[in-house]
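Keeping their order, the protein sequence lines are chains A and B.
Here the first sequence stands for residues 1 to 144, numbered as in this note's numbering.
Here the second sequence stands for residues 1 to 461, numbered as in this note's numbering.
One or more of the hints may lead you astray.
No more than 25 Å apart at the CA atoms, straight line, and that leaves these computed lysine to aspartate or glutamate pairs for DMTMM-like [said to hold, decoys possible]:
hint, chain 1, residue 1, chain 2, residue 2
1, B, 392, B, 414
2, B, 310, A, 68
3, B, 391, B, 414
4, B, 391, A, 92
5, B, 324, A, 92
Hint data in this document are derived by calculation from the structure and do not stem from the laboratory.
Predicted model, so just to flag it, every value in this text is computed and none were measured.
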Amino acid sequence: MPAAGKSRAKTPEKGRRKKGAARKRAAPAVSLAGALAEAAWAEADAALAEALADLDEAQTASDEAARDDAMAMLAQSLSRAARKRGLSRQGELGARAPYDPARQVLDDAGGRAPKTVRIAARGVSRGAEVLCPIRVRRLRKRRP
Amino acid sequence: MSDWTLCIDFGTAYSKAAAAPLGAWSHFEPSQVRPLMVGGHEPGGNAFLLDSAVFVDDSHVLLGRAALAAANVPANKKRMALKSFKTLLSVSDLDRALNTNAPLSVDPHRMFQMRDLIVLYLAYLLEAVEQASADDPLLTDVSSISYRYAAPAWRSGDSAGMHDSIVRLFGEADAFREAVGEALLAPEGLPLSLIERALPKAQAQAQPFEMGLIFEATAAAAYTSIGLEDAGSHFIVVDMGAGTTDIAALARLGPRTMELPEARVTLKQAGDFIDQVIANRVLDSASWARSTADRSELWNVLMRQMRDIKETLFADGRATLRIKGKQISIAMRDIEKDADFRLFYKGLSEAYAHALAVVRDDADARGRTEVQAVAVGGGAAAPFIQDLIRKKAVRSTPRVQPRPATPDWAHAGEFRGNLAPVFPQLAISIGGALAPDGMLAARSGSSPAATAQTGTPAAHD
Numbered sequence: 001m002p003a004a005g006k007s008r009a010k011t012p013e014k015g016r017r018k019k020g021a022a023r024k025r026a027a028p029a030v031s032l033a034g035a036l037a038e039a040a041w042a043e044a045d046a047a048l049a050e051a052l053a054d055l056d057e058a059q060t061a062s063d064e065a066a067r068d069d070a071m072a073m074l075a076q077s078l079s080r081a082a083r084k085r086g087l088s089r090q091g092e093l094g095a096r097a098p099y100d101p102a103r104q105v106l107d108d109a110g111g112r113a114p115k116t117v118r119i120a121a122r123g124v125s126r127g128a129e130v131l132c133p134i135r136v137r138r139l140r141k142r143r144p
Numbered sequence: 001m002s003d004w005t006l007c008i009d010f011g012t013a014y015s016k017a018a019a020a021p022l023g024a025w026s027h028f029e030p031s032q033v034r035p036l037m038v039g040g041h042e043p044g045g046n047a048f049l050l051d052s053a054v055f056v057d058d059s060h061v062l063l064g065r066a067a068l069a070a071a072n073v074p075a076n077k078k079r080m081a082l083k084s085f086k087t088l089l090s091v092s093d094l095d096r097a098l099n100t101n102a103p104l105s106v107d108p109h110r111m112f113q114m115r116d117l118i119v120l121y122l123a124y125l126l127e128a129v130e131q132a133s134a135d136d137p138l139l140t141d142v143s144s145i146s147y148r149y150a151a152p153a154w155r156s157g158d159s160a161g162m163h164d165s166i167v168r169l170f171g172e173a174d175a176f177r178e179a180v181g182e183a184l185l186a187p188e189g190l191p192l193s194l195i196e197r198a199l200p201k202a203q204a205q206a207q208p209f210e211m212g213l214i215f216e217a218t219a220a221a222a223y224t225s226i227g228l229e230d231a232g233s234h235f236i237v238v239d240m241g242a243g244t245t246d247i248a249a250l251a252r253l254g255p256r257t258m259e260l261p262e263a264r265v266t267l268k269q270a271g272d273f274i275d276q277v278i279a280n281r282v283l284d285s286a287s288w289a290r291s292t293a294d295r296s297e298l299w300n301v302l303m304r305q306m307r308d309i310k311e312t313l314f315a316d317g318r319a320t321l322r323i324k325g326k327q328i329s330i331a332m333r334d335i336e337k338d339a340d341f342r343l344f345y346k347g348l349s350e351a352y353a354h355a356l357a358v359v360r361d362d363a364d365a366r367g368r369t370e371v372q373a374v375a376v377g378g379g380a381a382a383p384f385i386q387d388l389i390r391k392k393a394v395r396s397t398p399r400v401q402p403r404p405a406t407p408d409w410a411h412a413g414e415f416r417g418n419l420a421p422v423f424p425q426l427a428i429s430i431g432g433a434l435a436p437d438g439m440l441a442a443r444s445g446s447s448p449a450a451t452a453q454t455g456t457p458a459a460h461d
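Please work from the sequences and hints to get the whole structure.
If you want it as structure tokens, here you go:
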């Protein structure tokens, strides 16, 4: 744009910027954690909505191949929703692991505590917070 | 009443800002990190992101999300929003680029130079930052805030000239912001008549904006190492963005952080290149898409969904998509077999090995035993980038310690799990706000040439 005539420059405060007095107003009661949650949810919502639609397709699939396809899409949408909310899986599905009652839930109540178990369902956590513990099963004894 | 530092990350697609108290580096408390809701005035979308876009319509200039919405209206299909203008700021002759006229498709009135449109956007960004900081309860009573901006290390080598040009642009933007105030955030945009009246005056009377410069790699080192007992002195940062993959090495010498310039490598393949590899592999496997029209439609669908496809592929090793009733799966190993990808990965590995050797030599010469490796940017989660920073080195010392893309402190209880999912998008602004002055490449009013790169001979310290 064509330049205007030079006018007298104001001198800014060196290295600092004062907050405008007019802008000093009461801050709204929106917590940072709440606003961050809303930002993360905006994207997770879309993935969760897709997961619900994929679930319908899986439940009404006419054959096994179509059901497998729909289940693959459902798993992907759910994983995406979980990622957007900062959830992560713990453990390796089907792996043998030492039994740790603090982090794992055994699927039966009877008998002595096993030394080693198999992971039946991975746990879910957000940061250090465990939202769903790892589900484990006893190892089957080999037949002689 | 305390002093705070505020860092603006002027991004290619979005701009972000975060603030932290001045002493955050030495007395770190995660709860005092304040990402700002710069997009809070716009309904819908992520309140922490401000779209980087400018659209000139018949009578107004629209900014941010409103600009993108206007550009998508069918009646405006012959016009374009000005986007990705951050890339303009890294050209070798910045002043010349700024003084060129905006393309006719962007400015049908032939009123504006590129400089004018960037100044208008920066004014909008500064006003959004001002409003967001006024809305933050921890910042309401703060007496003064010092400003910084984050930028990639200049590739032209003229760091002093670039920084001076940028602070001048921000100065013009601030003068314009003071003249028009909250009108900048009006959803209908700014009337052309108002701009015609106020912008030349503001540009004429502007003073350089008082703000420091922090390199993006340094900001990454700051958020990675803050609060750690074993933070270390040397860093290698792999930053895979959309257009380039940058590898940088940093050394903290006492209170100062400096770049090791001989380690710096920029590759022209990055996120956009990976998108094309993925899309081409899908096209090759989609036997039903043989006509040009089908292939073109498939390409467009893939590009629209690419962010989700890539994220799933990186996280799960496989992504499935459904297009026109057809289900297509693509695995990470398909990408790794691609000839173009293999060539890119070879170049990336060599560049990383070179930079790592430089930073380890420097650490070794200074008697340090560890180098921190961190991946940032959109490609940080890519398995091949994570493999790179976790790769066992042939030499055992100095040890290379890979750090997570999202630091542990982002999972702190006070955020109730809500910062970590959005951290990668806000990371650079947060790191820039947390970094102590010694990490700046340029302070207000000082040339960055003397502080940005180390000329300090390596010796035990």
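Against the structure, the hints come out as follows:
Annotation: proposed proximity of residue 392(B) to residue 414(B) is violated, straight-line Cα distance about 36 Å (limit 25 Å). Proximity of residue 310(B) to residue 68(A) is assessed by CA-CA distance (about 22 Å); at most 25 Å being required, the pair is judged to hold. With a C-alpha separation of about 34 Å, the suggested pair residue 391(B) and residue 414(B) falls outside the 25 Å cut-off, and the hint is violated. For a cut-off of 25 Å, the pair hint linking residue 391(B) to residue 92(A) stands: about 22 Å separates their Cα positions.
Taking the CA atoms of residue 324(B) and residue 92(A), the gap is near 35 Å; set against the 25 Å cutoff, the hint is violated.
When held up to the earlier numbered hints, the structure conflicts with 1, 3, 5 and fits the remainder.
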